[in-house]
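S.K.: Spelled out from the first residue to the last, the chains are:
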Amino acid sequence: MVCDGNEAAAWGVALSRPDVVAVYPITPQSSLAEYISQFVADGIIQADLMDVEGEHSVLSVLHGACLAGARTFTATCGQGLAFMFEPYFRTPPLRLPIVMSIVTRDGITPQCVWGGQQDAMTVREVGWVHMYCETAQEVLDTIVMAYKIAEHRDIMLPVNVNHDGNYLSYGVEKVVLPDQEEVDDFLGEKNINWHVALDPERPMSVDPLTGGAEGSGPALFVRYRKGSCKAMQNALRVIQEVHEEWEKRFGRSYAPLVEEYRLEDAKYAIVTIGSMTGAGKDAVDLARESGEKVGLIKIKTVRPFPVQTLRQALSKVKAIGVVDRSVSFGWNCGPMYQELLSTLYLLDERIPAISFIGGLAGADIRIEHFNRAIETTAKALRGEEFSEPIWLNEKD
Amino acid sequence: MRRQAREPFDESTIPNDLCPIATERIDLKTGDWRAERPVVDRDKCVKCATCWLYCPTQCIQEKPTWFEANLEICKGCGICADECPHHAIMMVEETEE
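So the sequences go chain by chain: A and B.
Under this note's numbering, the first sequence has 158 at position 158, and the numbering climbs by one with no breaks.
Under this note's numbering, the second sequence has 59 at position 59, and the numbering climbs by one with no breaks.
So here's chain B without its partners, still in its complex pose (with noise of 0.2 Å):
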């Protein structure tokens, strides 16, 4: 759990069948149920961003000479794979690991 600004609110002050309320913060990674994952061939990469500017889940990060993504982000959606005009980005089958 994430440090959280203020003390969280006493859920016992309501009764527990009200209103679906969470006080705790729980991380849930949106790249926890990837099927595939996207592998940049840096040497085709030209660092011309257009992965950044398509991914909707904005998991795509600068590096020095390319771009990739954030694998705790990604969701596997291909969509960066799709447009990159230099073909540089493969989606990869996600093992069981």
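In isolation and in its complexed conformation, chain A is listed as follows (with noise of 0.2 Å):
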């Protein structure tokens, strides 16, 4: 079939049969929310939809109904991610494997409704697994191998699969259809509340008050607080192997963490993530042809942050040029160079990096864009310092 992002993650929703679907309307999130209202009048998802009045008692109607055992989906973006956030902060606690799409939008202000990655990658370090697409089929793959991900017994953390607003929520694209019992028979028995439930036969408290300054709260805090991470930990090796097993039974191969293209003999690379990456694969190839040994990274796992295979990646090259499509404003540069400067902390050698933003606020990252990035970075190779981001769309 041929359709846009968004509504290849509302088939990637149906096939995984959730229990009790919420959602409320945000551009560029909106047509994803009337495909799952459809999906459900026409009897395709056959699920509870809650029509609540705003993205707090979205995810607050998901947090119970989980804990009453339901398979559950949202999605959201912008502002409402921001109204959101309260619930959001609990829900890894908490331990529900919500499954959450975010159609990536710049942050307010300027008032804008536009596609960006500043509303995700704010909320990055609260505690959800968080993945970006390439493509409308990643979306619709990754959405259910995301319930695979998060029912994972050594995880059950809420995930969010991100796509680019107005990239890949409305752009047309060819994409499978998997077939339904084969993707029943990948997810198998669902179980979403053995653990912490809202259960008259298993009667219990869920999240009493737990910390202060005396007795065992503190350190019952900090078990709960390792257990998060530890369980992010596991999810680098579930990850993985859910991906494996996606290629296995329907023969479509997503790197899961980190992809390496034409990274073999290249002295340098460009570092992308999302749906940028397909004309920086362009940008990349037209180098080669002039004889640039030019690579590209593209990171799908921002959460958990794929350290080791990262440093794997970047072990093979001399320089890098990261592609930010959101801001650190305390940074003066891209989140994940942010990140990346990090993880090339473990790098034997020092390299240099250089951060690029652009593709805000609805802006397009072309190759010439990318053309700029790789000749920067070849530059920065060669020993030329830049100490400033480099800002991709100031000048068109």
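Hints should not be assumed to be uniformly reliable.
What the hints assert, rightly or not - With a straight-line cut-off of 20 Å between C-alpha atoms, the simulated SDA-like cross-links for lysine to any residue are: (1) K29(B) - S216(A); (2) K29(B) - D184(A); (3) K230(A) - D17(B); (4) K230(A) - K29(B); (5) K230(A) - D43(B); (6) K29(B) - G215(A); (7) K226(A) - D17(B); (8) K226(A) - N16(B); (9) K226(A) - P15(B); (10) K226(A) - S12(B); (11) K248(A) - E11(B); (12) K29(B) - K248(A); (13) K248(A) - D207(A); (14) K29(B) - G211(A); (15) K190(A) - I14(B); (16) K226(A) - E11(B); (17) K230(A) - P15(B); (18) K29(B) - T210(A); (19) K174(A) - K29(B); (20) K29(B) - G217(A); (21) K29(B) - G212(A); (22) K29(B) - D207(A); (23) K230(A) - I14(B); (24) K29(B) - F89(A); (25) K190(A) - L18(B); (26) K226(A) - K29(B); (27) K226(A) - P20(B); (28) K190(A) - K29(B); (29) K230(A) - I21(B).
These aren't lab readings, by the way, just hints derived from the structure by calculation.
Reconstruct the complex from the two isolated chains, following the hints.
M.R.: Laid out in structure tokens, this is it:
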């Protein structure tokens, strides 16, 4: 079939057979909310659809549903995600395996309804698993995989499947719909609330006061925090296993954590995330034709941060240029650049790195922008220093 | 521990570092950390129920000719004393005991 990324996401949800879905529309997620509603009305998704009054209630409703044993889904972005933040923060330590699409949108203000990754990047440190998709097909496939990852007994964490607002949400592509029976077999029996539940047969108080200055409270708090961190590290393994199983069953393969493109003999590389990667690969191919030894590293999984996998990729090159679609205000660079710097510390050798910021507020990152990133990174390889970030769409 | 309607859930069936849950009830009394307590002057109290209406913890109990706070629950906020139209309630500092 042919569809855009938002419809592909809705099909991924339909195939995963959720019990409860709650949505509140916000651009550029709105059509995804509409597809979900339509699918429920048409009986394609046999779930309770909760039309609530805002995103804070959306996620709160899903907390209750999850505790009652339901498989759940929602989607949001931008200001909707901001409004959702209070229950969003509480979801991972409650260990609720909710799957949520963030159809990424830039941060307001300046007033803006277009794509950018500022929303998802801003909330990356809260304990949700974060995966970024490159194509509509990957959106569909990753949503199904996300349930298997979230509900894995070694993880039990919520998962965000992120796709670029405008470019993936509305871009129409060919998408293959997996067979329902095969997906059922892939996902297996669901058991959402084996560990924490609202169930009269298993009476418990969920999330009692934990912590304080005295008694066993602080140690208990540490235990739960360590448990969440451990689950995140387990996710590095499980995300790979689930992607491998997906490839075996459905024949489509994605780099689960980090993709290396033409890196074997590369002297330097650009680092990308999300849908910009296609243009990045084209630019790398063109530069290769004119003799440049350049490669590309794409990050799919941002949380947990794949430190060791990235370290291996980075150890193959002598300079990197990181293209971010969002901003770290406090560091005057892109957030992935900031995290790549931490990873570079693990290398034996010190190599130059440049921060590029592009694609804000719906701007396109085209081949010409990547050409500039490649040329500049080549200069850094030859010893030129760049202390400021380079804003790719500044002069468009 | 107060008697529970059902047998407690067996926590040992799940890893102990997953989600904060409680399977036994321990009463925590909000009156345990009060700095001041409300004392009612029964001569002044006309039993108008203003204190009962305003108390945020709903701890005001009805007595034969007056109202007074249940000190297991009362947090000592002083709203009742502030609202009493007959100035019948004094906030008195709690001592060490």
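S.K.: All hints, please: hold or fail.
M.R.: Cross-check of the supplied hints:
Of the supplied pair hints, the one linking K29(B) and S216(A) holds, its CA atoms being roughly 19 Å apart against a limit of 20 Å. Among the hinted pairs, K29(B) with D184(A) is inconsistent with the structure: their alpha-carbon atoms are about 50 Å apart, more than 20 Å. Taking the CA atoms of K230(A) and D17(B), the gap is about 10 Å. The hint holds against a cut of 20 Å. Taken as a hint, the K230(A) and K29(B) pair is broken in the structure, with Cα atoms around 35 Å apart against an allowance of 20 Å.
Among the hinted pairs, K230(A) with D43(B) is inconsistent with the structure: their alpha-carbon atoms are about 64 Å apart, more than 20 Å. Proximity of K29(B) to G215(A) is assessed by CA-CA distance (about 17 Å); at most 20 Å being required, the pair is judged to hold. With a CA separation close to 8 Å, the supplied pair K226(A) and D17(B) stays within the 20 Å bound. Distance check on the hinted pair: K226(A) and N16(B) sit about 11 Å apart at the alpha-carbon level, within 20 Å; holds.
About 12 Å separates the Cα atoms of K226(A) and P15(B), which keeps this hinted pair within 20 Å; it holds. Pair hint K226(A) plus S12(B) holds up; C-alpha atoms about 19 Å apart against a cutoff of 20 Å. In summary, the hint linking K248(A) to E11(B) is not supported, as the alpha carbons are separated by about 38 Å, beyond the 20 Å threshold. Annotation: proposed proximity of K29(B) to K248(A) is violated, straight-line Cα distance about 58 Å (limit 20 Å).
At most 20 Å may separate the alpha-carbon atoms for a hinted pair to count; K248(A) and D207(A) exceed this at roughly 40 Å. At most 20 Å may separate the alpha-carbon atoms for a hinted pair to count; K29(B) and G211(A) meet this at roughly 17 Å. For the hint pairing K190(A) with I14(B), the CA-to-CA distance comes to about 17 Å; that is within 20 Å, so the pair holds. For the given pair, K226(A) sits about 19 Å from E11(B) by alpha-carbon distance, which is consistent with the 20 Å threshold.
Between the alpha carbons of K230(A) and P15(B) the distance comes to roughly 12 Å, so the proposed pair stays at or under 20 Å and holds. Proposed proximity of K29(B) and T210(A) is supported: the alpha carbons are some 16 Å apart, at most 20 Å. The hinted pair formed by K174(A) and K29(B) fails the criterion: a straight-line CA distance of about 62 Å is larger than 20 Å. Proximity of K29(B) to G217(A) is assessed by CA-CA distance (about 17 Å); at most 20 Å being required, the pair is judged to hold.
For the proposed pair K29(B) and G212(A), the alpha carbon gap of about 16 Å is at most 20 Å, so the pair holds. Only pairs whose Cα atoms come within 20 Å are accepted, and K29(B) paired with D207(A) is accepted, the gap being roughly 18 Å. About 16 Å separates the Cα atoms of K230(A) and I14(B), which keeps this hinted pair within 20 Å; it holds. With a C-alpha separation of about 28 Å, the suggested pair K29(B) and F89(A) falls outside the 20 Å cut-off, and the hint is violated.
For a cut-off of 20 Å, the pair hint linking K190(A) to L18(B) stands: about 18 Å separates their Cα positions. Annotation: proposed proximity of K226(A) to K29(B) is violated, straight-line Cα distance about 30 Å (limit 20 Å). A distance of roughly 13 Å separates the Cα atoms of K226(A) and P20(B); the hinted pair therefore holds under the 20 Å criterion. Straight-line distance between C-alpha atoms of K190(A) and K29(B) comes to about 40 Å, which puts the hinted pair past the 20 Å bound.
Restraint check: the Cα-Cα separation between K230(A) and I21(B) comes to about 19 Å, which is no more than 20 Å; the hinted pair holds.
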